[in-house]
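Using the hints, put the two chains back together into the complex; each one sits in its own frame.
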Amino acid sequence: MRHRTEPGTLIAGLLFCLFGALYLIGNAEGWRLPWVWLLPGLLVGLGIAGLVGIVARNNRR
Amino acid sequence: MTEQQTHTDAGTRAYRPVKRGGGDARLVGGVCAGLGRATGVDPLVYRVAVVALTVAGGIGVLAYAAGWLLMPAEGQDAGLVEGWAGRRYDAADVLAILGGIVAAGFVLSLLGGPGSGTLVALVVLALALLTAQRRGVDLGRLVKSLPDHVRGRPAPAPAPPASPAPPSPAAPAAGAVTTPVDPPPDTDTPPSDTPPSDTTEDPVTVPVTEPLGGTGARPDGLIDLGAYGRGPRPAPDGPVPGAPPRPPARGLWLGTLFFLAACGAGLWAMAIHAPVYGWDGTTTIGYGVATALIVLGAGLITGAWFGRTRSLVGWGVILTIALAALSLIGTGSARTSVKEVDMHWHPTTVAQASRPVRMGVGAGRLDLTDVPMTAGKPLPVSAEMRAGYFRVIVPRDAEVRIDGSVRFGDIRGDDRVYSSHRGHVRTTLEPLDTASGRSPVIELRLRGMVGDMEVRRAA
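For the protein sequence lines, the chains are P and F, in the order given.
Numbering follows the working numbering, with no gaps: position 44 of the first sequence is 44.
In short: position in the second sequence from 1, add 1000, done, that's the working numbering.
If we strip away everything but chain F, and leave its shape as in the complex, we get (with noise of 0.2 Å):
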């Protein structure tokens, strides 16, 4: 028998486990070998990549292991993953979760600013799909089938004890697992013509793709890299040969209901705090977000005992990553100390105070408040930000003149909120001590894309 078993539905894409390496290909746990021999690529170039993906950040490691958890050893028929879950996951699954990984590694290695391990783990993943587009794979439809794939196919049922059965003319059954014992090596496993009898669906078909790199006949083992996202792929919970039929999914209008509760409430505590500050205000969107995210957390409480709600999941995570964005561009209120403050600027002389100031993502400060001022004639003051929260600190006997525009966010200014989305905020903060006559006069430029900004009198 090949090393690689096939397991084959009738009408689907023929199932191929990949295995870790054993023997002489292998260094430390076989991943990197069983890899290269299902898609054709050296082994080296996959420990090249481990090695730069672990050292530049330690996403690296995480795959490696995961890898290592999804692909069953040589003489196993299931992985540690697989034997636990209950799923199969063949080389493009293992494939598309890794990449994943990696994927998540670059998307997290973002933020607080990118490094060296963001540059990394970009490069091998675009390499990687440089690489497979190149051989042909759906590179869309392969990120629309991520969720299936991290999900897997079901295990196929234990196999009944061999008893003489008589031969049926309707064996081999459509839709039975069939492991060939020594499958051709150069062909695709070819689709069954028989339909399932048990079905009345029409059978999902993987087009026989051309071999990888279009040259002759594929290696014995190889994925077919071709076909990988190109075609549909059969449901991962359909029905599984030999399996007994699966009942129905109950219970979900309960996830639909806390779906909808969930919305309701985020919209609800949203119209609480427009008022103040505003419908598209980053402190508003943050109380619905966060309400919305209590109400999803309970309907998956509630679905533990009552009914079917793991659907919320994906929402909570996406409602979880607005909630992190969120607070990293600040809440206003929220943002107090001074030990917050990633970026300060304290200029003593007009001509510093006239230089503009740009700030990246972060916590600025610009403090005006030893800037030599003469009443009467304007001092211009130019800030920019791109994301998080600026604050600008002025004499309490200054007139500050503000020309604001927050794209995504707030304009305050002496405890107030300006809202600024849909236009450019122009006001005048009135001195708060004028017990000195004529006061001096601040023309404060204020631009940003994405949190608050805001001007605050010295103490």
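Pulled out of the complex, with its shape left as it was, chain P reads as follows (with noise of 0.2 Å):
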């Protein structure tokens, strides 16, 4: 069977990466992560992931 894309699950890893990427370069730059926006950035990201998710299910059926 044909897996159907999940775009919910790629805005989530898009935003992990980001993350990961952002605690790396700013490690190598000398600033720091904004560690106060992480979490709600986390939050705002994975409910937004989950809306398009959501979304994209339901205009299959």
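Keep in mind the hints are simulated off the structure, nothing from the lab.
Do not take every clue at face value.
To be verified - Covered stretches of chain F (in silico footprint by chain P; criterion: 3 or more residues with CB under 8 Å from a CB of chain P, positions within the stretch not fixed):
(1) 1292–1302
(2) 1391–1404
Claimed, not checked - With beta-carbon atoms standing in for the labels, derived distance ranges:
(3) F:V1061 to P:I48: 39 to 47 Å
(4) F:L1119 to P:P40: 28 to 36 Å
(5) F:I1321 to P:T5: 26 to 34 Å
(6) P:I25 to F:E1074: 51 to 59 Å
(7) P:P40 to F:G1437: 36 to 44 Å
(8) F:H1344 to P:R60: 36 to 44 Å
(9) F:R1134 to P:N58: 37 to 45 Å
(10) F:L1122 to P:L43: 18 to 26 Å
(11) F:D1415 to P:L51: 42 to 50 Å
(12) F:I1318 to P:I25: 46 to 54 Å
(13) P:G47 to F:H1344: 50 to 58 Å
(14) F:L1127 to P:T5: 21 to 29 Å
Idealized CB from N, CA, C, for every residue including glycine.
In structure tokens form, the structure reads like this:
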């Protein structure tokens, strides 16, 4: 069976890659990741990912 | 028909949707009225909690909005989220999710230091948990089953058009969704004695529990809080009566593969930096966590097209929280800007410098460059911190005898790293400038819980 694209999973993956990359770049460049915004960013990002996933699933039906 | 429709899977816990209140009970969206009616608690209690949480940090608005999205209005079969997601959330699910939101708000309010929002969220959460526990809710099981509550359960398949089918001896089909016209108000829907005919699994049953408050019959429409979190919950992804069988999960190996790859990549990154910072230094751990997070993200991106890797999201969340914590406590070289210093001590006398400096959470700096020191007479200085980053600025011509200990973190001196996680660091930093002859001596006592402490020479 063909696997359907999951945009919610895609967004979550991009979000995690972004966080990890920002941390590494920040360490290399001498600045630090703004931890105050990290968790709200995570919640907002996962919320968007969930919504996109729901909408996409709904559209497929 | 009663307001609380009862969909009953044979042998499983009754599904009792909670609906937003209407009519006179409704003030704004009817969420509090609906919750009050479902739990037997005066809606005013919920309204007070929502207002208090809103004023004290805004989480009340979020919780109310979540309830409004989850709960169907009167006359509707499904709420907005239920319609979008194709899931069903009963009263227990809604209460668990709202409790989780308040708990998350409490945790988030701790970031940046506890405040009034923390206190209000803590009080509301504590009262809710105490009330639930007094009513027999198994809080431990409730916490464990929170992911199940968030997932809800699959929506029942739409009923086929009515046709005069001949009566079957097997009817009503076991596991079928039934909607009693008027269920008895004082009893739980009893589990069917007939096991599902299309499954070999043992039916999951929830014992019929005592009514609310333990006094007689439970009023119509109230959920059974006693059974809430006590009994085993039917698998949310289990077979839905009337729905086509779900295809077996595919691509699970991909999630496992990327999980293992993330572990390997994280360890590899730590191994690279361990010789410099030590295996348990915050910098080393930070590199490992960030690398593992990137690999997990790559796994999710890959899984968006080629497999099922959604299970990695939970690990990604955990690693992101760890990354935030590591960013909070600082990673040495990343903290070079004076603007990032939250607390600053600048003693100008020996007496001031001899007072112990204590810092809670944050970034601090103790500047000893303007303390008049006498050569040959040691100056005792003590600095303690709970979590964060602490820097001590010392004169270039001073000899610094360090007695340091940081439980989770590093001690740095003159650009060298001394890991002190398993014991004290006792070292002496020789003066850089000895032109003036005998050097003053600073006996520096450093104590920390989490983070890095650094001794740096004045410019």
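Okay, the hints, checked on the actual structure:
no.: 1; hint: 1292–1302; result: holds (count 10)
no.: 2; hint: 1391–1404; result: violated (count 0)
no.: 3; hint: F:V1061 to P:I48: 39 to 47 Å; result: violated, 18 Å
no.: 4; hint: F:L1119 to P:P40: 28 to 36 Å; result: violated, 21 Å
no.: 5; hint: F:I1321 to P:T5: 26 to 34 Å; result: holds, 28 Å
no.: 6; hint: P:I25 to F:E1074: 51 to 59 Å; result: holds, 53 Å
no.: 7; hint: P:P40 to F:G1437: 36 to 44 Å; result: violated, 56 Å
no.: 8; hint: F:H1344 to P:R60: 36 to 44 Å; result: violated, 58 Å
no.: 9; hint: F:R1134 to P:N58: 37 to 45 Å; result: holds, 40 Å
no.: 10; hint: F:L1122 to P:L43: 18 to 26 Å; result: holds, 20 Å
no.: 11; hint: F:D1415 to P:L51: 42 to 50 Å; result: holds, 48 Å
no.: 12; hint: F:I1318 to P:I25: 46 to 54 Å; result: violated, 22 Å
no.: 13; hint: P:G47 to F:H1344: 50 to 58 Å; result: violated, 38 Å
no.: 14; hint: F:L1127 to P:T5: 21 to 29 Å; result: violated, 45 Å
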